[in-house]
Amino acid sequence: MDLINIRKAKKVYNTGVTAIYDLDLKIKKGEFVFIIGSTGCGKSTLIKMFYREEKPTSGQIIVGGIDVAKLKNSKVYKLRRQIGVVFQDFRLLEKSTVYENVAFALEIFGAPKDEIHKRVIKVLELVGLKNRLKSYPNQLSGGEQQRVAIARAIVNGPKLLICDEPTGNLDEETSSEIMDVLDEINKLGTTIIMVTHDRKIVKKMKKRVILLDAGRILKDYEEGTYKNENI
Amino acid sequence: MRIFRILGRNIRDSFKSVFRNFSLSMASISSITITLLVVSISIVLSYNVNNFAVLVEKDVTIVAFIENEATDDEIKEIEEKINTLQNVESYEFQSKEDITNDMIESSDIFKNIMEGWSLDENPIQNTFLVKVTDIEKIGDTANLISEMENVAVVKYGEGMVEQLVKVFEVVEKISFIIVVSLVLVTAFLISNTIKITIFSRRTEIGIMRLVGASNINIKIPFILEGLFLGILGSIIPIIITSYGYMALFKNFNGQLFSPFIKLINPSPFVYYVSGVLVMIGILVGMVGSWRAVRKHLKI
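Protein chains in written order, with our numbering: chain A, 70 to 300; chain B, 876 to 1174.
If you're looking for bench data, these hints aren't it; they were derived computationally from the structure. Think of the CB as a built atom: it goes at the ideal place given N, C-alpha and C, for glycine as much as any other residue. Hints should not be assumed to be uniformly reliable.
[Claimed, not checked] Sample of chain B residues facing chain A (criterion: CB under 10 Å; computed from the structure):
1. 878
2. 879
3. 888
4. 891
5. 895
6. 924
7. 1083
8. 1086
9. 1119
10. 1166
11. 1169
[Stated by the list, open to error] Below, in silico cross-link-like pairs of lysine-lysine (DSSO-like), each with a Cα-Cα straight-line distance of 27 Å or less:
12. 891/B to 203/A
13. 124/A to 1170/B
14. 144/A to 1170/B
15. 1094/B to 147/A
16. 1094/B to 141/A
17. 1173/B to 147/A
18. 1173/B to 144/A
Work out the full structure: start from the sequences and follow the hints.
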């Protein structure tokens, strides 16, 4: 079963810059996929289209059965509820505790309090932050903050977790810990797409790797076949 | 149930936001407070003026004295003429005997003087008391009556009434204009506050959208915040209006300057005014925030 099916997707920005050229891509349920490439190769645009932050100019992008190109603005939330997103800059609510930050993603659906509590504790346990419930983001290290962001992204059980350079701000050791967490989440069944610059991580993880260049797929490495050190 | 939980959380968050952005909220609240104070003063003033005008209108009477030489038939004729006048609401004939008797009954002093009079000596005249429908045309009506034969003097407060009515009308118009413009200014200020709130909560809104909050879900807290600002802003005006007006009423014994100008009884008047103030506060708050949300929360 394909979770993501892209056919002839093209993205031209209002400025006239073409970010993605007639791209075809299929990603299966449960896969762990890295998207790599130099700055400006279109990898950010590509993943932004997965969660409908950007709309394709032409072509078809189907994510979890939803045609992103045809999705109305007012219905975008239906897609977002199937997708978790993690960013380089964490994007946590500074004035809320760890627990509140994660619970936030469930509260907006109107989930009952005890169910929220159960699920928040469960994901925080998964990311290894069960003992920091009452801390505020500025009391946490970068790695811990990213764990909170990951917990928030997966707390409502999305099919897909999109990570936009999640280790970009973290040192090597912390990055490695974050990757362990992501691997764990992937093993539990969530499809993960991760954009990164960090070749060490990509090589170490031995997953499928898609190399983008100037808006096109330059190479699609099968699981464990990525070895090129130059890109 | 789900809807109530979402609503409950929205209310909680809006309330939190009011206190988190306290200085900003204070600015809006003060603005609403000032507006509502002026609104309140205008309402109290215009209602009292109105009340006063109604009382005056009820009391204003054209008094037409009939010459003592007039025969009964001639009096009848005058009565018919008065009856045909357009602006006459009601009229009452008081014979000189009735008036004399009334006065004798009303005081011993009058009794002593008047009982000595013979029928011819009695200076009191037969009188028509005429009430008009349109107080503004009372002058014309009085003129028409005075032109009738055998009618001696007509008294109706001689111009004072018309002037008062005109002053009331001007006061009412001015206070209405002030209230409307202040309400607009406040709505604009609240809109601005909510705009700043929206900007200061960009990240939060972004995260909400990211985790799958629907548009309504994102907008409602801001609308509620405007509503809370409105309610909070109406507290001080309500207290000032209620206690202030009650104190005023007590202090002046329910009348201003003379028994002629009666104040409206504070109960239930101040409750109505308070209700109106809260409603205006809520309305202005919600309209202001709705405007900001529509303009600045494009999602």
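Hints, verified against the model:
no. : hint            : in the structure
1   : 878             : 7 Å, holds
2   : 879             : 8 Å, holds
3   : 888             : 9 Å, holds
4   : 891             : 9 Å, holds
5   : 895             : 7 Å, holds
6   : 924             : 50 Å, violated
7   : 1083            : 6 Å, holds
8   : 1086            : 4 Å, holds
9   : 1119            : 39 Å, violated
10  : 1166            : 20 Å, violated
11  : 1169            : 14 Å, violated
12  : 891/B to 203/A  : 18 Å, holds
13  : 124/A to 1170/B : 22 Å, holds
14  : 144/A to 1170/B : 20 Å, holds
15  : 1094/B to 147/A : 17 Å, holds
16  : 1094/B to 141/A : 18 Å, holds
17  : 1173/B to 147/A : 18 Å, holds
18  : 1173/B to 144/A : 14 Å, holds
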